[in-house]
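Colleague: Be aware that the sequence shown starts at 1, since it is given in the working numbering, and climbs by one per residue.
Among the hints, erroneous ones may be present.
Unchecked claim - Using C-beta positions, here's what the derived DEER-type ranges look like: (1) His-47 - Asn-252: 27 to 33 Å; (2) Glu-276 - His-305: 52 to 58 Å; (3) Arg-231 - Leu-36: 38 to 44 Å; (4) Asp-228 - Val-140: 21 to 27 Å; (5) His-305 - Asp-28: 20 to 26 Å; (6) His-23 - Val-220: 20 to 26 Å; (7) Asp-28 - Pro-143: 47 to 53 Å; (8) Asp-50 - Ala-170: 38 to 44 Å.
I should point out that these hints are in silico values taken from the structure, not numbers from a laboratory.
No experiment lies behind these values; they were computed from the predicted model shown.
The C-beta atom is built at its ideal place from N, Cα and C for all residues, glycine as well.
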Amino acid sequence: MRIILITGGAGFIGSNFVNFWHHNNKDDQLTILDALTYAGTISSIKHLIDDNKITFIRGDICNKELVSDIFSDHAIDTVINFAAESHVDRSIASPDDFLQTNILGTHTLLSVAYNSWKEDFSNKKYHHISTDEVYGDLGVEDPAFTEKTPYAPRSPYAATKASSDHLVRAYNITYGLPVTITNCSNNYGPFHFPEKLIPLVITNALDGKPLPIYGTGMNVRDWLYVEDHCRAIAVVLDKGRSGETYNVGGDNEITNIDLVKLICNLLDARLESSPELLSNFPKCSVANRLKSESLIQFVKDRPGHDRR
């Protein structure tokens, strides 16, 4: 049985992991720490809280006293850190929050874990969730990133995640803290906050709003279904070697414009086949005898936008 602290467990990936892990490991004790910022919603894990299956604590990972109390009160032996500011556009507009949470917050967790476990690291594990954006930009014909790819972050978000990765490795090398890191590609799935591309396209199309696409739409991303990501994390927790990094991808690359067109076509087909469903969305293109693709609008490209 593990006694796990899951930070950011009310966010998109974190909440999916909480549901996945509890379903497959019902004897484990889970404590969720989440600040419930704009992208966190307790509704995605509320059923588990109401059934007393998990303990939820609202708080900031930068609060060292709070984190220390959680470790001592709950005898934490495993940390899985999902807590992060993660939207590139927000990091460009307001990088301060990203430095606070992604760097200082990670250091708080690491230092508390080390001080709590330093007398005996056996059966302890600190797992850090990171992103492929720390590697920067790929050329059109370049092979995929590997765990050996040099870091070259190109946005404040990516730079703060790269910094947190370095801190995690430093605690392993310097102090012997048992750590693992996963760097994932773009996730999609349930509970996804609608500022991100896939849910934004779906919700805007259903409401007849523009579908904004940066530049020419030729930027390429690899898409990973969030439950597949959760399964990968579970494998790393079970079999991963301390100090190692594991890349998690979907082998599912597509340009942004092709992805948006695919979503539009799937959405239109679904609405056209169900008059009852269509009646719920009177502003959508299909209800007005148009195609959702007609809502696509190309907008000024994001600064430092990774091509692939």
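Colleague: Are there hints from earlier that the structure breaks, and if so, what are their numbers?
Modeller: 2, 3, 5, 6, 7
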